[in-house]
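S.K.: Below are the chains, spelled out letter by letter.
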Amino acid sequence: MRWLRRNIIAIIAIAVLVYLFIPIAVVAFLSFNNPASKFNIRWNEFSLDAWTNLCGVPGVCSSFATSIGIGIIATIIATVLGAMISFALVRYRFRGRSTTNLLIFLPMATPEVVMGSSLLALFLNMRFPLGQVTVIIAHIMFIISFVVVTVKARLQGLDPRLEEAARDLYAGPRATFRYVTFPLVLPGILGAALLGFSLSFDDFIISYFNAGTLVTFPIYIWGAAQRGIPVQVNALATLVFVLALLVVLVAQFVSYRKRKSVQAH
Amino acid sequence: MAHAIPTVVSGSAAPPPAQRRSRTGYILLFPGIAWLLVFFAIPLVTLFATSLQVPVPGKPGYFEPGLQFSNYATAMSEYWPQFVRSLVYAGIATALALVIAYPLAYFIAMKAGAWRSFLLVLVVAPMFASFLLRTYAWKTILADDGWITSTLNSLHLLPDHRVLNTGIAVVAGLTYNFLPFMILPLYASLSKIDPRLIEAGGDLYASPIWTFAKVTWPLSLPGVVAGTLLTFIPATGDYINAQLLGSTKDHMIGNAIQINFIQFRDYPVASALSFVLMAAILILVFSYIRKSGTEEIV
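So the protein sequences, as listed, match chains A and B.
Using the working numbering, the first residue of the first sequence is number 1, and each one after it goes up by one.
Using the working numbering, the first residue of the second sequence is number 1, and each one after it goes up by one.
Do not take every clue at face value.
Computed, partial: chain A to chain B, Cβ under 10 Å [unchecked claim]:
| id | residue |
| --- | --- |
| 1 | Ile-85 |
| 2 | Thr-110 |
| 3 | Ile-140 |
| 4 | Val-147 |
| 5 | Val-148 |
| 6 | Leu-214 |
| 7 | Val-215 |
| 8 | Phe-217 |
| 9 | Leu-245 |
None of these hints come from the bench; they were simulated from the model.
The beta-carbon is built from N, C-alpha and C at its ideal position, and this holds for glycine as well.
Construct all of the structure, not just a fragment, from the sequences and the given hints.
M.R.: As structure tokens, then:
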């Protein structure tokens with residue numbers, strides 16, 4: 001009883017973590033299923049068909065590639081624009097700061113359905129054709145704010161003495177930026193890009209409003225949900241999940257090792 | 001161009017590089033801010049304008065600029081149940097998420113030690129798996145012949161004798177999907193608390209519960225405010241959970257907006273609904289922030 005009382009928070013915490021992963025376990029589990037009906041929601045028998053033939057169902061891999069392409073373009077542009085804003089916010093004084101802050105905060109406080117529908121209203125009124133371009137525009141719009149928040153936090157956490165030291169060593173503003181500031185902020189920028197890509201890759205609501213006939217991976221899943229999601233979709237999603245988790249864990253491990261070796265010196 | 005003067009001249013007394021005033025600041029801001037103005041702010045204006053459009057006589061499905069405020073009355077009289085349902089479902093899901101998230105956030109912030117960053121990765125990790133598939137997976141978990149439903153049924157807890165295709169499933173899905181958005185701000189707040197303050201509570205003979213109520217909880221309020229907002233806002237606008245896990249009787253305002261925009265192509269009504277949702281959330285957010293006196297989440 002006393003053991004239970006002392007560890008109750010740890011037990012609840014572990015239970016919540018398990019809860020977070022239950023649906024993912026179900027998705028991964030069903031990727032090895034050979035469903036009895038077209039709806040892959042019930043276990044029938046073990047099969048590796050989906051894994052050995054990932055692109056076996058038309059539309060799955062093409063929509064997957066579409067999403068990867070859109071994610072890369074949108075992430076690069078949004079990361080550059082967002083990182084520039086963060087530098088301006090932390091390092092420069094300018095007029096209209098509170099309006100700028102509001103403009104960055106509001107997209108994060110707006111339901112996706114409002115952003116998606118209002119952007120669609122704009123494109124419809126401008127008679128702008130819907131497709132890849134409109135989806136990329138939309139993704140950049142909603143990723144920028146998340147990039148700003150992430151990079152800004154990193155910039156604010158920098159030790160100002162490092163840049164002072166560079167200047168004391170007669171480095172000009174440009175050299176200081178290139179050899180001191182930028183390398184120090186880079187992990188924050190890469191983190192922001194990773195976040196941006198995962199937001200873009202998984203976005204359904206905003207994309208659906210502005211896609212026209214374009215089919216991204218989430219839009220494919222949405223359409224397939226009505227008539228049965230192919231097992232290949234589960235396999236691909238499991239693959240993406242495992243890869244993303246590995247990337248993040250390796251990055252964490254590397255930075256942990258680095259910190260340790262810095263402390264050791 | 002004050003920043004061009006080498007600060008070495010004045011020695012280390014010079015302020016940190018922060019806060020220069022120069023054209024560079026505006027140049028850095030311009031592209032990103034312009035993007036947000038053109039593709040976020042202006043569309044909201046377009047949305048409002050579209051919500052007042054009138055049908056073109058004799059051409060069904062076509063609309064022209066107008067000032068038909070009655071679109072709002074039409075939209076609200078038809079869809080107020082979806083509206084109320086969205087607020088209720090999102091409210092319950094947010095409260096549940098707070099109760100579920102707090103112990104985990106507390107554990108990671110106070111007890112996890114070297115495991116902290118690893119556990120935080122685990123909290124974010126579910127977002128690497130497709131939102132739609134994770135939601136769809138609840139169909140399997142909550143299936144009518146699944147053990148959750150049969151357990152609840154044997155306890156006579158289910159009015160409809162099932163979970164799937166009811167509001168319960170929708171709320172369960174919403175609670176699950178937005179949980180990380182509750183955990184992270186709670187963790188951020190809790191990890192800033194000086195553990196000595198909690199020790200002091202114990203030293204002064206306060207029971208753990210009393211210490212929690214008087215020290216930990218009040219100090220974690222900024223995280224509670226940020227977390228409830230970050231959960232409540234996306235949950236109110238969500239229609240994926242209602243679509244995949246509920247029946248048409250459980251539709252939320254997002255379903256109505258989507259159907260009117262994309263299927264019915266009734267742009268004025270759809271825009272009116274969307275605009276009302278935006279306005280309702282903004283009013284709620286700002287009154288909530290003001291009331292709880294936390295400005296730092298922006």
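S.K.: So which of those numbered hints doesn't the model satisfy?
M.R.: 6 and 7
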